[in-house]
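Participant: So the sequence lines, in the order shown, correspond to chains A and B. Numbered per our numbering, the first sequence spans residues 4 to 269. Numbered per our numbering, the second sequence spans residues 5 to 284.
Worth flagging that the hints you see were computed from the coordinates, not collected in a lab. Misleading hints may appear alongside valid ones.
Unchecked claim - Facing chain A, according to a computed beta carbon distance under 7 Å, are these residues of chain B, among others: (1) Q154; (2) I183; (3) I243; (4) G246; (5) W265; (6) S266; (7) A278; (8) G281; (9) F282.
Said to hold, decoys possible - Cut-off 25 Å, straight-line C-alpha distance, at most; resulting in silico cross-link-like pairs (DSS-like, lysine-lysine): (10) B:K169 / B:K258; (11) A:K77 / B:K258; (12) B:K169 / A:K248; (13) B:K258 / A:K269; (14) A:K269 / A:K248; (15) A:K96 / A:K132; (16) B:K232 / A:K268.
From the three backbone atoms N, C-alpha and C, an ideal C-beta is built for every residue, glycine too.
Okay, here's what each chain looks like letter by letter:
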Amino acid sequence: MKIQISNLYFSYPAGVEALRGISLTIKSGERVAIIGQNGAGKTTLVKHLNGLLQPTRGQVMIGDWDTAKYSVAKLASRVGYVFQNPDEQLFSKNVGAEVAFGPRNLGFSGEQLQALVNDALALTELSDKTETNPYDLSATWRKMVAIASIIAMDTNIVIFDEPTTGQDAISVARIANVIAELRKRGKTVITITHDIDFCAENFERVIAMLQGQILLDGQANDVLGQAETLATTYVEPPQLTRLGKRLGFKQTVRNQEEFLAALQKK
Amino acid sequence: MAIVNLQNVTYQYPLTDTPALQNINLQVNEGEFVAVIGPNGAGKSTLCYTLAGFVPHFFKGELTGVVEVVGVESHNSSLSEWVLNVGLAFQNPFNQISGAKYTVFEELAFGLENIGIPREEMKTRVEEAMELTGIGDLADRSPYSLSGGQQQRVALASILVMQPKVLVLDEPTSQMDPIGTREVFGVIRKMTERGMTVILAEHKVEWIAQFADRVVALYEGQILTAGKPREVLTSDLVIDKGFGVSRYTSVARKARKQGLWSGSKQLPVTLDEAIEGFGK
Numbered sequence: 004m005k006i007q008i009s010n011l012y013f014s015y016p017a018g019v020e021a022l023r024g025i026s027l028t029i030k031s032g033e034r035v036a037i038i039g040q041n042g043a044g045k046t047t048l049v050k051h052l053n054g055l056l057q058p059t060r061g062q063v064m065i066g067d068w069d070t071a072k073y074s075v076a077k078l079a080s081r082v083g084y085v086f087q088n089p090d091e092q093l094f095s096k097n098v099g100a101e102v103a104f105g106p107r108n109l110g111f112s113g114e115q116l117q118a119l120v121n122d123a124l125a126l127t128e129l130s131d132k133t134e135t136n137p138y139d140l141s142a143t144w145r146k147m148v149a150i151a152s153i154i155a156m157d158t159n160i161v162i163f164d165e166p167t168t169g170q171d172a173i174s175v176a177r178i179a180n181v182i183a184e185l186r187k188r189g190k191t192v193i194t195i196t197h198d199i200d201f202c203a204e205n206f207e208r209v210i211a212m213l214q215g216q217i218l219l220d221g222q223a224n225d226v227l228g229q230a231e232t233l234a235t236t237y238v239e240p241p242q243l244t245r246l247g248k249r250l251g252f253k254q255t256v257r258n259q260e261e262f263l264a265a266l267q268k269k
Numbered sequence: 005m006a007i008v009n010l011q012n013v014t015y016q017y018p019l020t021d022t023p024a025l026q027n028i029n030l031q032v033n034e035g036e037f038v039a040v041i042g043p044n045g046a047g048k049s050t051l052c053y054t055l056a057g058f059v060p061h062f063f064k065g066e067l068t069g070v071v072e073v074v075g076v077e078s079h080n081s082s083l084s085e086w087v088l089n090v091g092l093a094f095q096n097p098f099n100q101i102s103g104a105k106y107t108v109f110e111e112l113a114f115g116l117e118n119i120g121i122p123r124e125e126m127k128t129r130v131e132e133a134m135e136l137t138g139i140g141d142l143a144d145r146s147p148y149s150l151s152g153g154q155q156q157r158v159a160l161a162s163i164l165v166m167q168p169k170v171l172v173l174d175e176p177t178s179q180m181d182p183i184g185t186r187e188v189f190g191v192i193r194k195m196t197e198r199g200m201t202v203i204l205a206e207h208k209v210e211w212i213a214q215f216a217d218r219v220v221a222l223y224e225g226q227i228l229t230a231g232k233p234r235e236v237l238t239s240d241l242v243i244d245k246g247f248g249v250s251r252y253t254s255v256a257r258k259a260r261k262q263g264l265w266s267g268s269k270q271l272p273v274t275l276d277e278a279i280e281g282f283g284k
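For reference, chain A alone in the conformation it holds in the complex (with noise of 0.2 Å):
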């Protein structure tokens, strides 16, 4: 299901002017990352997806729906949100009802419903927690249960704002792998995201923002070594990224693999 963006300004009432102008088309089954600095639009952006927001000039469709035309509880059966802050959006009694909330708002019900959840659950390595309580978990396992709750609703186009976001080492190899499993489904992946090591081994494109504007867009090695630029809005290249062009390689590398290869042929 494709995603264009045409145009597209969004001021929020107060008057500052968060988005100046995106224009933007994903494809289908693509994984994006997008980067910038604290404040450049990329949670204003994403927002518009789902409907969350309304563009104030322009257009966002998603595969042939006008966002402006359809409500937020339409467009949720195309596009998932996992918000930054899983308290914003876990309620339920136990980690299985909240799970099977979304679905079950779509219209999933029965046999159908019990695969869906049970599929989040198995994906994000919940299983043994559905009697849970979601606030009698850590805050990493809130973050999974979020992600649980949005893939049960098994849309074409998954969301996530800034999943990695004060979790650790296993937890975001966690992430990462759903993320894969979605890619491997077919599915649209958008992510927001400061963690550019992260992005670097996550994400094909990345989408880089300044100031309610996209800065650089393309193939995530293009983008990520283009250290000046990226530094206007406040990114660093990635780690391993950095330290090859230290080096003298002639091209950028972004992981272990890459760099581990440029380091034998030097």
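Given chain A, put chain B in place with the hints provided.
Facilitator: Quick look at chain B alone, frame taken from chain A:
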């Protein structure tokens, strides 16, 4: 002379079966910058709460051992006295913003109003904290209209204005952009040079290695190991237990297996250490 002194500290939250902290011994000197690392659930936040007096004064539960800051024992103090010496920035900035103020400027003055600082000094301190944390342009915005990273800067500034002797920070940059993170680490370092003592719970090992004096590795409520950043952050003990490591460390470890990193050389944590090791 240690400004923070924890001896045999064990703490259990109410209604739980196991202690969140077990037998913690930690002495921190005035002006020292100590980073606390550990997987989620290791007890980092609980340690922060203990230093900040929330454990046990707010959370109740059972605290045994000695918690002493600036020569005062936690049991013998009230929270309102304790906070004059120790400031805490929460992991989640939403939890910290007072909800009582309409602008960032007023928010920063809130703590000072409560302890009766004269108006002119309040203004000076607020302006200085805004400049340090790079939020001068947000002075008139509502604290709730800000992005996560901007709110974290406000949360940090609202503690800095109080000029605590000991600054406790629980993942203060988790929602910040990368260069913003590095800047904030620089600000923290600067505070220690002015004599402030800093204890920081954090996952971002590259910056810990560059800025902290000492690293304490916490695991399942206990101190696993502690020492100089490079030693702790590259030790097998820490890596194998699933603590975060920098990409420089993990790639050098792989390179070592392929003979591309000399076995006699200590693994790197920072960019400079990696350049030094790979470059020759």
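Participant: Against this structure, judge whether each hint is valid.
Facilitator: Status of each hint after checking the structure:
no. : hint            : in the structure
1   : Q154            : 5 Å, holds
2   : I183            : 4 Å, holds
3   : I243            : 9 Å, violated
4   : G246            : 5 Å, holds
5   : W265            : 9 Å, violated
6   : S266            : 13 Å, violated
7   : A278            : 5 Å, holds
8   : G281            : 10 Å, violated
9   : F282            : 6 Å, holds
10  : B:K169 / B:K258 : 43 Å, violated
11  : A:K77 / B:K258  : 48 Å, violated
12  : B:K169 / A:K248 : 41 Å, violated
13  : B:K258 / A:K269 : 17 Å, holds
14  : A:K269 / A:K248 : 13 Å, holds
15  : A:K96 / A:K132  : 12 Å, holds
16  : B:K232 / A:K268 : 34 Å, violated
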